[in-house]
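Participant: Each chain is listed here by its residues.
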Amino acid sequence: MDEYRDADAARRCADQIRRLVTKPWKIMEICGGQTHAIMKFGLDEMLPKNITLIHGPGCPVCVTPVELINKAIEIASRPDVIFCSFGDMLRVPGTHRDLFSVKAAGGDVRIVYSPIDAVALARQNPDKQVVFFAVGFETTAPANAMAVYEAHKEKLANFSILVSHVLVPPAIEAILSSPTNQVQGFLAAGHVCAVMGYTEYEPIANKYRVPIVVTGFEPLDILHGVYMCLKQLEEGRAEVENPYARCVRREGNVQAQKLIRDIFCVVPRKWRGIGEIPQSGLGLREPYRSFDAETRFGVAGYTVEESSECISGIILQGIKKPVECPAFGTKCTPEHPLGATMVSSEGACAAYYRYRKIKRDT
Amino acid sequence: MCLAIPGQIQSIEGAEMERTGKVSFGGVVKSIMLACVPDAKVGDYVMVHAGFAISVVDEKEALETLKYLAAMDAVPENP
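Residue numbers (my numbering), protein chains in the order written: chain A, 1 to 362; chain B, 1 to 79.
To be clear, the hints were calculated from the coordinates, so they are not data collected in a lab.
Be aware that a few hints might be false.
[To be verified] Far from chain B, some chain A residues (derived; all Cβ distances over 12 Å):
no.	residue
1	ALA37
2	PRO79
3	ASP80
4	ARG97
5	GLY136
6	SER178
7	GLY190
8	GLY216
9	HIS224
10	ARG249
11	LEU259
12	PRO287
13	PHE297
14	GLU305
15	GLU306
[Said to hold, decoys possible] Okay, derived cross-link-like pairs now, DSS-like style, lysine-lysine, Cα gap no bigger than 30 Å in a straight line:
no.	chain 1	residue 1	chain 2	residue 2
16	B	LYS30	A	LYS258
17	B	LYS60	A	LYS258
18	A	LYS155	B	LYS22
19	B	LYS67	A	LYS40
20	A	LYS40	A	LYS23
21	A	LYS258	B	LYS41
22	A	LYS207	A	LYS40
23	A	LYS26	B	LYS67
24	A	LYS153	B	LYS60
25	A	LYS270	A	LYS231
26	A	LYS103	B	LYS30
27	A	LYS258	B	LYS67
28	B	LYS60	B	LYS41
29	A	LYS258	A	LYS40
30	B	LYS41	A	LYS40
31	A	LYS321	A	LYS231
32	B	LYS60	A	LYS155
33	A	LYS231	B	LYS30
34	A	LYS128	A	LYS153
35	A	LYS320	A	LYS103
36	A	LYS207	A	LYS320
37	A	LYS231	B	LYS22
38	A	LYS128	B	LYS60
39	A	LYS331	A	LYS40
Given the structure is predicted, the values throughout are model-derived calculations rather than measurements.
Think of the CB as a built atom: it goes at the ideal place given N, C-alpha and C, for glycine as much as any other residue.
Kindly produce the complete structure, drawing on both the sequences and the hints.
Facilitator: Below is the structure:
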């Protein structure tokens with residue numbers, strides 16, 4: 001793994017990019033994990049000035065709509081509930097408060113490493129309702145599907161999931177078909193592709209004439225992905241390429257895809273800051289509907305308007321950079337976030353705040 | 001959040017949907033679901049996300065990529 005962090009190799013890769021580029025290009029990295037790595041290692045600053053990296057909507061914490069956070073808070077506040085979540089979700093602001101404040105007020109809110117751990121909690125606490133906050137992209141879907149599969153097999157009537165699953169390809173299409181789109185090439189999220197493969201991206205590359213490069217998460221992986229994407233742009237090609245072949249096969253993980261298909265079906269989903277995108281998420285399939293926490297706790301119909309002060313929707317589409325937001329670093333900080341892109345360490349605003357703060361202050 | 005971490009399989013038990021294993025992440029050993037990597041063997045590296053193995057790391061491909069990156073300097077662009 002260390003080999004993919006070699007500073008000399010990164011410089012060589014950046015040199016190659018400098019020699020390759022003849023005009024300005026804008027590339028979007030979809031995944032928040034890649035945004036974080038780009039900021040942490042200063043990879044964007046190694047690139048020529050006319051190459052812009054736009055930070056995409058690939059952070060599930062950031063795109064989970066406010067109304068779902070409110071639903072989570074309502075469910076977690078019930079005395080009979082053990083509410084389990086990945087840690088990132090606890091600080092995301094709902095309309096009035098976050099899940100941490102529920103925990104502080106005595107609610108049983110727990111951070112788990114895996115949804116499978118939540119199933120174990122349900123087994124150990126038959127007198128409690130155990131709810132798992134199932135957010136995530138395709139990478140997380142197999143683990144969440146497995147949790148439902150196990151609960152169903154064991155007839156665990158006290159387990160349910162609050163689902164906010166989203167899919168990458170419909171988001172890419174939404175970005176590309178927007179009249180304000182500026183993105184000319186994509187770095188596809190390597191681990192989403194490890195599960196799903198990359199055949200879904202081939203018609204998109206073809207239809208919109210954009211190169212899509214399956215990219216890993218180490219600094220060298222990202223620079224390599226940028227290089228290959230720019231090479232296609234300079235040569236006028238628009239193909240799907242996979243330099244992350246050590247983890248990703250073209251067909252993906254077919255067993256994991258079957259597990260996802262068995263438990264979930266494709267549904268429309270609302271994305272925070274973007275709105276509803278058709279066929280862009282996963283919901284529980286009919287035989288497993290009884291595991292849906294929204295129905296079980298009667299919060300299904302509830303909707304809420306989002307704060308107009310936060311421009312995360314525009315940030316997530318790459319139209320503006322975090323520093324161009326008037327609230328950035330003043331009214332909106334990681335301690336007091338206005339929106340989700342400032343909450344998650346993978347959110348573009350939080351990554352800018354954390355790694356570019358020193359520069360701003362001087 | 002979609003980060004997956006490579007770990008080396010130390011032991012495997014169960015089969016099909018119950019297939020699990022002990023996986024070492026630089027010395028930290030965790031019990032991991034291996035149901036969706038049926039071909040993975042003891043000693044193989046798997047990419048693990050949320051306690052679930054999503055892919056087997058292809059050692060040959062990993063070495064190929066490194067070789068390619070090492071050779072980058074040697075190939076002149078736009079001569």
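Participant: Hint by hint, note whether the structure agrees.
Facilitator: Evaluation of the provided hints:
Here A:ALA37 does not stay apart from chain B, with its beta-carbon only about 9 Å from theirs, under the 12 Å limit. With 12 Å as the threshold on Cβ separation, the claim that A:PRO79 sits away from chain B holds: the shortest Cβ distance comes to roughly 28 Å. No Cβ of chain B comes within 12 Å of the Cβ of A:ASP80; the nearest lies about 26 Å off, and the non-interface call holds. With 12 Å as the threshold on Cβ separation, the claim that A:ARG97 sits away from chain B holds: the shortest Cβ distance comes to roughly 22 Å.
Listed as outside the interface, A:GLY136 is inconsistent with that label: its C-beta sits roughly 7 Å from the nearest C-beta of chain B, within the 12 Å cut-off. Every CB of chain B lies more than 12 Å from the CB of A:SER178, the least distance being 23 Å, so the non-interface label holds. Consistency note on A:GLY190: stated as away from chain B, yet its beta-carbon is not over 12 Å from all of that chain's, at 8 Å minimum. A beta-carbon of chain B comes within 12 Å of the beta-carbon of A:GLY216; the shortest separation is about 9 Å.
Against the 12 Å criterion, A:HIS224 falls within the reach of chain B, whose nearest CB is about 6 Å from its own CB. Listed as outside the interface, A:ARG249 is inconsistent with that label: its C-beta sits roughly 8 Å from the nearest C-beta of chain B, within the 12 Å cut-off. Under the 12 Å C-beta cut-off, the non-interface status given to A:LEU259 relative to chain B is violated; the minimum distance is some 6 Å. Distance check on A:PRO287: its Cβ is at least 16 Å (rounded) from any Cβ of chain B, clearing the 12 Å threshold; non-interface status holds.
Listed as outside the interface, A:PHE297 is consistent with that label: its C-beta sits roughly 23 Å from the nearest C-beta of chain B, beyond the 12 Å cut-off. Every CB of chain B is more than 12 Å from the CB of A:GLU305 (nearest about 26 Å), matching its label as outside the interface. The Cβ of A:GLU306 sits about 21 Å from the closest Cβ of chain B, beyond the 12 Å cut-off, so the non-interface label holds. Annotation: proposed proximity of B:LYS30 to A:LYS258 holds, straight-line Cα distance about 25 Å (limit 30 Å).
Taken as a hint, the B:LYS60 and A:LYS258 pair is honoured in the structure, with Cα atoms around 27 Å apart against an allowance of 30 Å. With a C-alpha separation of about 27 Å, the suggested pair A:LYS155 and B:LYS22 falls inside the 30 Å cut-off, and the hint holds. Straight-line distance between C-alpha atoms of B:LYS67 and A:LYS40 comes to about 25 Å, which keeps the hinted pair within the 30 Å bound. Note on A:LYS40 and A:LYS23: the hinted pairing holds, with a Cα-Cα distance of about 26 Å set against a maximum of 30 Å.
Proximity of A:LYS258 to B:LYS41 is assessed by CA-CA distance (about 21 Å); at most 30 Å being required, the pair is judged to hold. For the hint linking A:LYS207 to A:LYS40, the alpha-carbon distance of about 34 Å lies beyond 30 Å, and the restraint is violated. Annotation: proposed proximity of A:LYS26 to B:LYS67 holds, straight-line Cα distance about 28 Å (limit 30 Å). With a C-alpha separation of about 38 Å, the suggested pair A:LYS153 and B:LYS60 falls outside the 30 Å cut-off, and the hint is violated.
Proposed proximity of A:LYS270 and A:LYS231 is contradicted: the alpha carbons are some 35 Å apart, above 30 Å. Pair hint A:LYS103 plus B:LYS30 holds up; C-alpha atoms about 27 Å apart against a cutoff of 30 Å. For the suggested pair A:LYS258 and B:LYS67, the alpha carbons sit about 34 Å apart, so the restraint of at most 30 Å is broken. At roughly 16 Å between alpha-carbon atoms, B:LYS60 and B:LYS41 fall within 30 Å of each other, so this suggested pair holds.
With a C-alpha separation of about 36 Å, the suggested pairing of A:LYS258 with A:LYS40 is violated against the 30 Å cut-off. Under the criterion of a C-alpha separation no larger than 30 Å, the hint pairing B:LYS41 with A:LYS40 is inconsistent with the structure, at around 34 Å. Between A:LYS321 and A:LYS231, the direct Cα distance comes to roughly 25 Å. Compliance with the 30 Å bound is thereby established for this hinted pair. Our distance criterion of 30 Å between C-alpha atoms is broken by B:LYS60 and A:LYS155, whose separation comes to about 43 Å.
Our distance criterion of 30 Å between C-alpha atoms is broken by A:LYS231 and B:LYS30, whose separation comes to about 41 Å. Pair hint A:LYS128 plus A:LYS153 holds up; C-alpha atoms about 19 Å apart against a cutoff of 30 Å. For the hint pairing A:LYS320 with A:LYS103, the CA-to-CA distance comes to about 35 Å; that exceeds 30 Å, so the pair is violated. At roughly 25 Å between alpha-carbon atoms, A:LYS207 and A:LYS320 fall within 30 Å of each other, so this suggested pair holds.
About 41 Å separates the Cα atoms of A:LYS231 and B:LYS22, which puts this hinted pair outside 30 Å; it is violated. Of the supplied pair hints, the one linking A:LYS128 and B:LYS60 is violated, its CA atoms being roughly 48 Å apart against a limit of 30 Å. Between A:LYS331 and A:LYS40, the direct Cα distance comes to roughly 23 Å. Compliance with the 30 Å bound is thereby established for this hinted pair.
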